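Here is how the chains run, residue by residue.
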Amino acid sequence: MASLGYFLILAAFVVASAAFATGVAGGRRGRSSLVHGSVGLFHVLTGLMLVASAIIVHAFVTEDYSIKYVQRYSDAAQPLFYKLTSYWGGLDGSLMFWVTLLAVFGSAAVHINRDRHRLLVPWVVAVISVVQMFFLFLMVVHNNPFETHLLAAPLEGKGLNPLLQNFYMVIHPPLLYLGFVGMTIPFAFCLAALISGQLDDSWLRAVRRWTMTSWLFLTVGLALGGLWAYEELGWGGYWGWDPVENAGLLPWFTATAFLHSVMVQERRGMLKVWNVSLVIMTFFLTIFGTFMTRSGIVQSVHAFGEDRELAWMFTVFMVAILTISFSLVIWRMPMLRARNELDSWASREAAFLANNWILLFSAFFVLFATMFPTISEALRGERLTVGPPFFDKWMLPIGLMLLVLTGIGPLLAWRKTAVSSMRYQLMWPLTSAVVTGVTMTALGVQFWAAGLCFSLCALVAGTIVQEFWRGSGVRQRATGTDRFTALIGLFARSRRRYAGYIVHLGIVLIFLGFGGNGFKLEEQVVLGPGQQVSVGPYVVKYSALKVTDDGQKQMITAHATVERDGASIGGMYPARWYFRDKEEEPTTEVAIRRGFADDLYIVLAAFDVGTQQSTLEVTVNPLINWMWFGFGIMAVGTILSLLPERAMAFATATVPQGAVTTSVLLLMLVGGMAAPAHAQHVDNPQVVLLVPRTPVEKKLRDEIVCMCGTCGRKRVGECTCGTADAMRTEIAGLVAAGRSYDEVVDYYVAKYGSQEVLASPIDKGFNRLAWFLPYAIGLIGVMVVGGVAVKWTRRPKEDGAAVVTAPADDAAATERQERLNDELRDLD
Amino acid sequence: MSKKTVRVSVSAVVILSALSWLMISTISEGAEYYLKVDEVMTAPQSWQGKRLQVHGHVLGDPLVKGSTLEYRFKVHSNGKVMDAVYTGVVPDTFKADAEVVIKGRIDANNVIHVEPKGIMAKCPSKYEAVPAAPTVR
Chain F
152 MASLGYFLIL AAFVVASAAF ATGVAGGRRG RSSLVHGSVG LFHVLTGLML VASAIIVHAF
212 VTEDYSIKYV QRYSDAAQPL FYKLTSYWGG LDGSLMFWVT LLAVFGSAAV HINRDRHRLL
272 VPWVVAVISV VQMFFLFLMV VHNNPFETHL LAAPLEGKGL NPLLQNFYMV IHPPLLYLGF
332 VGMTIPFAFC LAALISGQLD DSWLRAVRRW TMTSWLFLTV GLALGGLWAY EELGWGGYWG
392 WDPVENAGLL PWFTATAFLH SVMVQERRGM LKVWNVSLVI MTFFLTIFGT FMTRSGIVQS
452 VHAFGEDREL AWMFTVFMVA ILTISFSLVI WRMPMLRARN ELDSWASREA AFLANNWILL
512 FSAFFVLFAT MFPTISEALR GERLTVGPPF FDKWMLPIGL MLLVLTGIGP LLAWRKTAVS
572 SMRYQLMWPL TSAVVTGVTM TALGVQFWAA GLCFSLCALV AGTIVQEFWR GSGVRQRATG
632 TDRFTALIGL FARSRRRYAG YIVHLGIVLI FLGFGGNGFK LEEQVVLGPG QQVSVGPYVV
692 KYSALKVTDD GQKQMITAHA TVERDGASIG GMYPARWYFR DKEEEPTTEV AIRRGFADDL
752 YIVLAAFDVG TQQSTLEVTV NPLINWMWFG FGIMAVGTIL SLLPERAMAF ATATVPQGAV
812 TTSVLLLMLV GGMAAPAHAQ HVDNPQVVLL VPRTPVEKKL RDEIVCMCGT CGRKRVGECT
872 CGTADAMRTE IAGLVAAGRS YDEVVDYYVA KYGSQEVLAS PIDKGFNRLA WFLPYAIGLI
932 GVMVVGGVAV KWTRRPKEDG AAVVTAPADD AAATERQERL NDELRDLD
Chain D
124 MSKKTVRVSV SAVVILSALS WLMISTISEG AEYYLKVDEV MTAPQSWQGK RLQVHGHVLG
184 DPLVKGSTLE YRFKVHSNGK VMDAVYTGVV PDTFKADAEV VIKGRIDANN VIHVEPKGIM
244 AKCPSKYEAV PAAPTVR
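So the protein lines, in turn, are chains F and D. The working numbering puts the first residue of the first sequence at 152, with every later residue one more than the last. The working numbering puts the first residue of the second sequence at 124, with every later residue one more than the last.
I should point out that these hints are in silico values taken from the structure, not numbers from a laboratory. Owing to the predicted nature of the structure, the values given are computational and were not obtained by experimental measurement. Be careful, since some hints might not be right.
In silico lysine-lysine, DSS-like type, Cα no more than 30 Å apart, as pairs [to be verified]:
(1) D/240 x F/671
(2) D/188 x D/203
(3) F/697 x D/218
(4) D/240 x D/173
(5) F/219 x D/218
(6) F/704 x D/218
(7) D/159 x D/197
(8) F/692 x D/240
(9) F/849 x F/704
(10) F/671 x D/188
(11) D/240 x D/203
(12) F/704 x D/240
(13) F/567 x D/127
(14) F/697 x D/240
(15) D/188 x F/692
(16) D/197 x D/240
(17) F/692 x F/671
(18) F/309 x F/704
(19) D/203 x D/159
(20) F/567 x D/126
(21) F/544 x D/240
(22) F/704 x D/197
(23) D/159 x D/188
(24) F/704 x D/188
(25) F/544 x D/173
(26) F/704 x F/692
(27) F/309 x D/218
(28) F/902 x F/850
(29) F/697 x D/188
(30) D/159 x F/544
(31) D/197 x F/309
(32) D/218 x D/188
(33) D/197 x D/218
(34) F/704 x F/850
(35) D/173 x D/197
If we strip away everything but chain F, and leave its shape as in the complex, we get (with noise of 0.2 Å):
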């Protein structure tokens, strides 16, 4: 099987060459078989790859270690979702994931606009092509994810690190691969414009989706990346600065600039060039971050080692983008000429360009501190490193200038804002923003910078209900509904207007959390059994240190009940735990309890057994819930302003009975799913985990997962919440009663209503399609190529029949227009 992948992975190169050539020779000819041919070809790649990708996760299934890269990222133990996610743990599988992804993403994006945009596609498939070329000639000279050991394979896996088997690890990095695939497609319709001189707007329409697509994915996967280690890692934070992190935040600069100034071209027909060359560097950005972490180029302990090869092929390729894309660029300066200058600076495309500079600063500071040991290595020979306190009091001044134009921009006019618009657009948004500042200072917030933080996130939350408020007005007038019917079909007529503010709301939302941030309590205590520690609202009262083991594990627990202004709040649970074999690396359980106004966050610092002394790192997070909450809305802001328009046409419809009720049923829908109830997830081992008494009872707790929402999904037999507890206690009821094994998971899948309370999905029914998934999408890859293979062995018979018979539909009409403009050139 390992030879087989190998042998696609090289006909793929073959394939992406073949598809380069096609387009180029499609484009310049502009002969629509080449062109046809070149998007065969690209979909034959894809189909490639896809097989390719089955048979990797069909080694992870069937643990074969003969193949290296299996070997070395898991072992039999693990569950099969961490086998089949294995695919994409390492640098040489990852790889193969991100030709995968750019080829299946490719593929859609030539499909959609194969129409649409003709003259564009050829040179959208040779540019993808290139980009599959240089990750594919990677995997064939230097990071083989077939590779083989030469001698006797090894019997057993090396496996993960339980640290790595968590949910948000799991689908943390694929998103932000999305991210950064995605935005290869936009990157490739720039260039193709620019090539091919079709300069005007409709390359942008084509990409803006996308751009937003991929923005979207790179939002989340940041987000996800910030809740792993704020839950996981212990250290009370979110976000160190560190490299890798820094690496997936510059490209979302340059795409968040990008989606702002894309309007001005739209509207005003300005900014061109800068569009051109957002969308390049965004593209290059996700390369450079790949190459940053990847190569050892920065020293970071979360590098992934240094390799110097590596290093010198990401560097030609970056080189050649830039100089390429640049190069043309400046060919085509005369086409880019702007139609409108700008007019005045009080007006939007002013704003607009000030968030655009405000967001490359940002990109090119982040990107200079984070390559400053590298710099500075260059220039003097010393490696100086800058650490997060620099880029704290760097992106805080910058954060705060961009709530400030969040707020503003939007009220601006189009080319000049009259100053009585100007009073009438800013007095209650500067006047809910004065008040909070003033109110702030009076409570004693110190203003810089919480108190102004707080104060300008009044002023957008004021002038984005005042759109709302003013907006929805305007349209219960001309419509005679009930502001509400208004306020939906408001948001219906100009979506991405409206989303656009939700998304705003998001960002006000995250920076409350940042804001927040500035009250942070902190304190390291050591107390013995009966002391106390009193932090902000809290006491907690330390009572005893307990070593249990479940079989898997040691759990070394502290016992605290925790009191707020006075009321006993309940017990939390801060714990190490010591697994079989890895005792050497304990895992901090953080025992968190969530509020709206803050988090408690206690840590398991150290401990004496003998003595029953804890030391404990208590920390109060201010506000921090309201940034997850922050990153939620804006995923939903995002996703309303990408839906198709059918799906908010029933409210812009002329009968506006039903309306009213259908808006209701819509918030409320949103609404549930914007705030899924869920039970606290608060450690609770004092109910010790008791040895499950039945075979049948122990593959139960493997099987099923805890429902209280916040563990992030671990298995009942592991987790330590009382719900978990309450769980364990149902199932055990369950076996005891004389239930089977399948009768118990088919009382939880219809008690929760869907699979989610199981671990892996069922073995059976619809469920098959979820493990036949990786098979069927290697057999969709070989009917892909079969298919395209069938199609071109028959159009020259077509032809043929065409030429003889000349049907008279307008499929024939328009290919025979096309030859014959085929050939007109040709006699040029």
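Go by the hints and put chain D onto chain F.
Only chain D this time, still in chain F's reference frame:
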């Protein structure tokens, strides 16, 4: 060149140079030397008192005094060893042979006093680097 172009380019140059100057001047405050243990220990006197980030591997198990959280350990790279003192919480992956970066200053006895939260242990990554074999015993 029109008047407008001149105005725009002059202000762009002024803003950019002001920002660059600010960045370079603030960077020297926050900057720390990033060195491997052997680079420091070949001429330790010249690094005394400077803010350092030292990259190396932990040699032997770190010793901790009861529950006081005072750790004494050694880091090494390329055959050179350095003593370190640290008080506070350590990362989960901080143990014998772990790859770490520690922040702090070295005293007259060439012992590095690590800042609070100044230990960064290698992230438990799937993307493993070339395993660093301990060279010192």
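Here is how each hint holds up against the structure:
Between the alpha carbons of residue 240 of chain D and residue 671 of chain F the distance comes to roughly 16 Å, so the proposed pair stays at or under 30 Å and holds. For the suggested pair residue 188 of chain D and residue 203 of chain D, the alpha carbons sit about 25 Å apart, so the restraint of at most 30 Å is met. Distance check on the hinted pair: residue 697 of chain F and residue 218 of chain D sit about 23 Å apart at the alpha-carbon level, within 30 Å; holds. The hinted pair formed by residue 240 of chain D and residue 173 of chain D meets the criterion: a straight-line CA distance of about 18 Å does not exceed 30 Å.
A hinted pair counts as satisfied when its Cα atoms are at most 30 Å apart, and residue 219 of chain F with residue 218 of chain D qualifies at roughly 28 Å. A distance of roughly 18 Å separates the Cα atoms of residue 704 of chain F and residue 218 of chain D; the hinted pair therefore holds under the 30 Å criterion. Pair hint residue 159 of chain D plus residue 197 of chain D holds up; C-alpha atoms about 13 Å apart against a cutoff of 30 Å. Simply put, residue 692 of chain F and residue 240 of chain D have alpha-carbon atoms about 25 Å apart, close enough for the 30 Å limit, and the pair holds.
Pair hint residue 849 of chain F plus residue 704 of chain F holds up; C-alpha atoms about 16 Å apart against a cutoff of 30 Å. For the suggested pair residue 671 of chain F and residue 188 of chain D, the alpha carbons sit about 29 Å apart, so the restraint of at most 30 Å is met. The straight-line distance between the Cα atoms of residue 240 of chain D and residue 203 of chain D is roughly 24 Å, inside the 30 Å bound, and the hint therefore holds. In summary, the hint linking residue 704 of chain F to residue 240 of chain D is supported, as the alpha carbons are separated by about 28 Å, within the 30 Å threshold.
Simply put, residue 567 of chain F and residue 127 of chain D have alpha-carbon atoms about 18 Å apart, close enough for the 30 Å limit, and the pair holds. Restraint check for residue 697 of chain F and residue 240 of chain D: the C-alpha separation of about 27 Å stays at or below 30 Å, so the hint holds. Of the pairs offered as hints, the one joining residue 188 of chain D and residue 692 of chain F holds, with about 24 Å between alpha carbons and a cut-off of 30 Å not exceeded. Restraint check for residue 197 of chain D and residue 240 of chain D: satisfied, since their Cα atoms lie roughly 17 Å apart, inside the 30 Å limit.
Annotation: proposed proximity of residue 692 of chain F to residue 671 of chain F holds, straight-line Cα distance about 20 Å (limit 30 Å). Distance restraint check for residue 309 of chain F and residue 704 of chain F: the Cα-Cα separation of roughly 19 Å lies within the 30 Å cut-off, and the hinted pair is therefore satisfied. Proximity of residue 203 of chain D to residue 159 of chain D is assessed by CA-CA distance (about 10 Å); at most 30 Å being required, the pair is judged to hold. Between the alpha carbons of residue 567 of chain F and residue 126 of chain D the distance comes to roughly 21 Å, so the proposed pair stays at or under 30 Å and holds.
As the CA atoms of residue 544 of chain F and residue 240 of chain D are separated by approximately 19 Å, the hinted pair is consistent with the 30 Å bound. For the hint pairing residue 704 of chain F with residue 197 of chain D, the CA-to-CA distance comes to about 29 Å; that is within 30 Å, so the pair holds. This hinted pair checks out: residue 159 of chain D and residue 188 of chain D have alpha carbons roughly 27 Å apart, not beyond 30 Å. In summary, the hint linking residue 704 of chain F to residue 188 of chain D is supported, as the alpha carbons are separated by about 25 Å, within the 30 Å threshold.
Proposed proximity of residue 544 of chain F and residue 173 of chain D is supported: the alpha carbons are some 22 Å apart, at most 30 Å. A C-alpha spacing of about 26 Å is found between residue 704 of chain F and residue 692 of chain F, which places the hinted pair at or below 30 Å, so the restraint holds. Of the supplied pair hints, the one linking residue 309 of chain F and residue 218 of chain D holds, its CA atoms being roughly 20 Å apart against a limit of 30 Å. For a cut-off of 30 Å, the pair hint linking residue 902 of chain F to residue 850 of chain F stands: about 19 Å separates their Cα positions.
Straight-line distance between C-alpha atoms of residue 697 of chain F and residue 188 of chain D comes to about 21 Å, which keeps the hinted pair within the 30 Å bound. At roughly 27 Å between alpha-carbon atoms, residue 159 of chain D and residue 544 of chain F fall within 30 Å of each other, so this suggested pair holds. Note on residue 197 of chain D and residue 309 of chain F: the hinted pairing holds, with a Cα-Cα distance of about 29 Å set against a maximum of 30 Å. Between residue 218 of chain D and residue 188 of chain D, the direct Cα distance comes to roughly 15 Å. Compliance with the 30 Å bound is thereby established for this hinted pair.
For the given pair, residue 197 of chain D sits about 11 Å from residue 218 of chain D by alpha-carbon distance, which is consistent with the 30 Å threshold. Only pairs whose Cα atoms come within 30 Å are accepted, and residue 704 of chain F paired with residue 850 of chain F is accepted, the gap being roughly 18 Å. This hinted pair checks out: residue 173 of chain D and residue 197 of chain D have alpha carbons roughly 19 Å apart, not beyond 30 Å.
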